[in-house]
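As they're listed, the protein sequences go chains A and B.
Per our numbering, the first sequence starts with residue 934, numbered consecutively.
Per our numbering, the second sequence starts with residue 2, numbered consecutively.
These are calculated hints, taken from the structure and not from any lab test.
Please note that a few of the clues may not be correct.
Below 27 Å or equal to it, Euclidean Cα-Cα: the simulated DSS-like pairs (lysine-lysine) are [unchecked claim]:
#1 K66/B to K193/B
#2 K382/B to K365/B
#3 K384/B to K365/B
#4 K122/B to K57/B
#5 K1231/A to K313/B
#6 K365/B to K313/B
#7 K369/B to K380/B
#8 K1025/A to K57/B
#9 K193/B to K1232/A
#10 K382/B to K369/B
#11 K1233/A to K313/B
#12 K365/B to K380/B
Each chain is listed here by its residues.
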Amino acid sequence: MAGDMFHLVFTPGTFLNMFNSATVVILAGLGCLLTDQAGMMNIGLDGIMVSGAFTAAIVSWLSGSWIVGLLCAVCVGMLFGLFYGLMVIRWKSDEFIIGVAFNIFAVALTTFLLRSIDGQKGSFHPATGFVDRIPALHLGVIGDTPINISIMVPLAIVLVILCQILMYRTPFGFWLHASGEHADALRSVGRSPDMMKYLGSLGCGLFCGLSGAYLSLGYLSTFQENMTDAKGFVAVACVIFGRSNPVLVFLAALLFGFIDAAATRLQDYLNPTLTATFPYIGTVLMMLVIALARVIRKKKAAS
Amino acid sequence: MSEPIVSFHHVSMQFPDVLANDDISLDIYPGEVFALIGENGAGKSTLMNILFGMNKPTDGSVVVKGEEIRSFSTREAIARGIGMVHQHFMLVPSFTVAQNIVLGCEPRVNGFAYSFSAARKTVLDLVSEYGLQVDPDAQVEDLGVGLQQRVEILKTLHRGADILILDEPTAVLTPQETDELFAVIRRIVREKNMTVIIITHKLYEVMAISDRVGVMRQGRLVGACRTSEVNEHLLASMMVGKEVLLEPFSREKPADAAPAVTVSDLFVRDDRGLMSVNGISFTLRYGEILGVAGVEGNGQRELVEALTGLRKPVRGEITVNEQRATRASPGRIRSFGLSHVPEDRMTTGVSRDATITENLVAGKEGRKPFSFLGLHLRKGKMKQYARSVFDLFDIRAAGVNTRVGTLSGGNMQKVVVAREFSFDTPVLIISQPTRGVDVGAMDFIHRQMMNKRGEGCAILLVSADLDELFRLSDRMVTIYEGRLTGEFDPAVTPREEVGRSMMGLTGEDRTRFEKTAAADTRDT
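Chain B extracted, bound-state conformation:
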């Protein structure tokens, strides 16, 4: 093997309250795709931020292309040929593609004015050199996520990067866009001899794209090896430190139970006043989990908000437990026997400034035994109850008086799930239950959901994570631009089929897509 292009020597990073990187030594070689995996908070991003000069390590050294980095700054890193595509894109939405790509090093006329023509030409040259199609004059805010990511990659390439760091690049992409991205990565690695470091926590992607893989856990590098020498099971157990691979649940087919929620011909507007749910109808039955798959922003949020009373629908009918729930208030709908795990735990799921106890009791505070005549809160009973739930749901915190805002994402989500599940309602509307949650907590939450299903509850599961949907759903529907575009049995349907339906590609659209896909693969 040749000389490493990047070497970490005993790198440690101590933040005020947490040791994010603990004595990490790692070599990355030129021309390879290196996958860095680990749970949330394992320290992957911290390590890469050090390489990109955004953090200065508290201990250890980093050597890039044979030179030790002395001053850590983004500018320095860019000068050394390191480029990073962040999880949240660093693009100015109101600027054009060309403006964004040359941002910070604009071509000029007479040393003063911006040269529109030179910037355009730069982009077109990049497009023809790397074969990544973009329109230099398009405004970034009008582009889809996949294209925005492409602009980000071109931006780093324009800066002369030959070491490309991608931070969870596929989190926002559809399976098709992911395939396109991987084709791009393979092409730049093969043809331009670039080195690509990809941060992810999706195991099948590691297997699909990487040459080597490094696993991180709690700030330490657990191991690094050739991808061909490991499998997904091994990686998963390395990630969590024990064998908790998300094996599929065994289940019986739900009997044809009575409908719990019926939605017919529902139309809902979003915040901008656009119709984002366009005539959706479905039935959710007791004892089943109905999964809703879709790329975010296709009406899932508005659908859930309409179901839970947070948003008034324009048209259509909703019935919950045989009671009419259209336009009813959230409190009223809850009284029909419905609980809701909202998609954004930070803003709607919990009160971050309140304690675990207060968050767990919220919604029940007026009931016995927590209140005396509905006036006085009985703190002792509340605490007692909170402790039992705390143990039952395995919430990891100092105690029930801890402020929820200080908890990790996984534990915060457990608080939300614990509260909503303990309402013991027959209907559960659950949105993105495990976003940003580590594998251990994810598995726990999944098991809780399966228990609820076993008790005969009706569960609507809206998720952007296809693995989760395939693992839990009895039935799946896909949502695209506010319409349901297909219904699938997850046991017998391939992922690609669902992926296409999520993109609204059916019939002739699909043939067209396959042609473009074929054209893309030919390039690689």
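Next up, chain A with everything else stripped away, as it sits in the complex:
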């Protein structure tokens, strides 16, 4: 049985799905870590992503071009980022409250708009025209599985590498981190920590917008109400797990993607409601590992 299970789960298709599913979390995680580095972690990722997904789907349908849809999603994301920055930096609101507000507000707004535009509940199915998808790359066939991946997947990996370089190899990354860890230190050398925080917040909006666009134009090909399924919070967990290091966040997101893909694979054999919980159980376990690691480190330091 265990051996069967192994063969069932470890298939090329599962690994393909791992990347497809993880990309949502990777992109959102990159956004989240920019705000975390700037000391103002945004937990409203789901809200920005769902708005991005909605915008991407509608604009792509209206314009017939996925590029326009994606760019509009990014713009909407950055608007959220700007608003977050204004609220948290200028008006000193609590970042958690703003984040939670994003999540509640965006789900409600997109659901409302969807029903107004489409007259339908649940998901977006236009009577005329179609939603233009982000193109996929055909990488051949393994066994009888065709390997198609969205171009967003390699793009996400490139962005991880760029973020890693940005954070740990450029003055810009240092300033972003310094603005979160010791803002006055940055201010005293004549650089504006607020400016860095705004840039971090805008970057978060940009990445979450991308993540949302990928969700509705790449991962699926339509918009569904509340379609992020708390993947934004999974991204927050990955950022905490990876201590805001882009590569570590990437690996954590892959782990999530793998569990998600394996669960999808197993839903033919186990209760689908049960398998749907696997990714989130995995996330909880991840948090547990962090907590335990912290306790062990503390013990070690004490002895």
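Given chain A, work out where chain B should sit, using these hints.
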């Protein structure tokens, strides 16, 4: 005398509720060490923040190197060669020394990426130019305070500063580190012809390091003169406006009274789970003040918290008034006859949102005459009591209904002391009673402590201020890394001796230290 490098002309700074600087005119000359002294809130830091471009004065003008400053900004000040080492270091703890020193003006490769090698070289060049040893690759959070300060100084030097402002640089240093800092200051002044402005309220440091001294009081510059023309007594009276120099108390040696608190083989962990009190034993007797000297973070806080029940010890025994106090709750320990003036008045000493009355009554509210059957508070009696204490302790505020959060540090501390002292317990545990408190309030609090001692109370005094410890203690012990490293009679022990013991330097360690110290002095 040459042209002044910095001139303040009739500078005033009005904050919404206080005139922090009142018509100040002052010249500072190149190549001198200028000490700016005054009580807390006298306006020293405000004046220097203006020079460093962090505040724009409401009136008057500032001229630096012959040019009047028009736009006040930190960037502008740095460009004019002004550097400031703040009381709270402006260093990013998770960055390396090199990253911190070049922060904001990083060397780059191809205009984009940070150049680790160039930053390293910059630091090594600075090290060899100024002779201030630091490891460019060390993480700042792993460094001690003295070294962090050195990094701060290098950081300002790297920015091309030739006017260096040091805001209370010695507040966090041991006597040895202070000596090292002074050696550094003398060296940069002599060899690089720098101008150094040092803010302090320690008079002996003024005498030790400065060429000239300016005294501030309540926002005004009371006077500026050559240090050689004044003495500590004169400066102290200028600072407070009257002769209240902290003269030593006359006292009789305490008789060998019964032990009030005994601690044996105590082990306590800190918040991080590290053992920060490592087997401390001592006895505190009635009618004496036992001073605990040490650099902050060597287990004093955890020791006091264990004694007062705020933290459970891992091992060891504590007895208060012959009752076992190990692991007892704070309330229970207080009922044995112990009061506690905590080190941080802002967080544990007072409730800032409550009134003076409420703060003074706190802890007695269930007792007669303040409560009726332990249910109903009798506001009239409370107020009446608060008024009497208010007068007795000379608390300066609008009235007993004032919120404590609006009081100055000294008055807030008086509220804490008044409350704890009026419990009339035979044992007092007092932590940092005069930190950030002006000289007048400090003297008052010291006198109250001596009165308590006269009444036969046992007092444990934990302080980072050696002057305070030498003035008050009958006996002194030094604490270093959670262990007691020595016991001294303050009447006959030189400060340096205690200072060394605070650093854990004894026996061969001491010889080694003296060698390094000698090497340091040779450099200057």
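(message) For a quick check of understanding: which of the numbered hints are violated here, in increasing order?
(response) Hints 4 and 9 not satisfied by this model.
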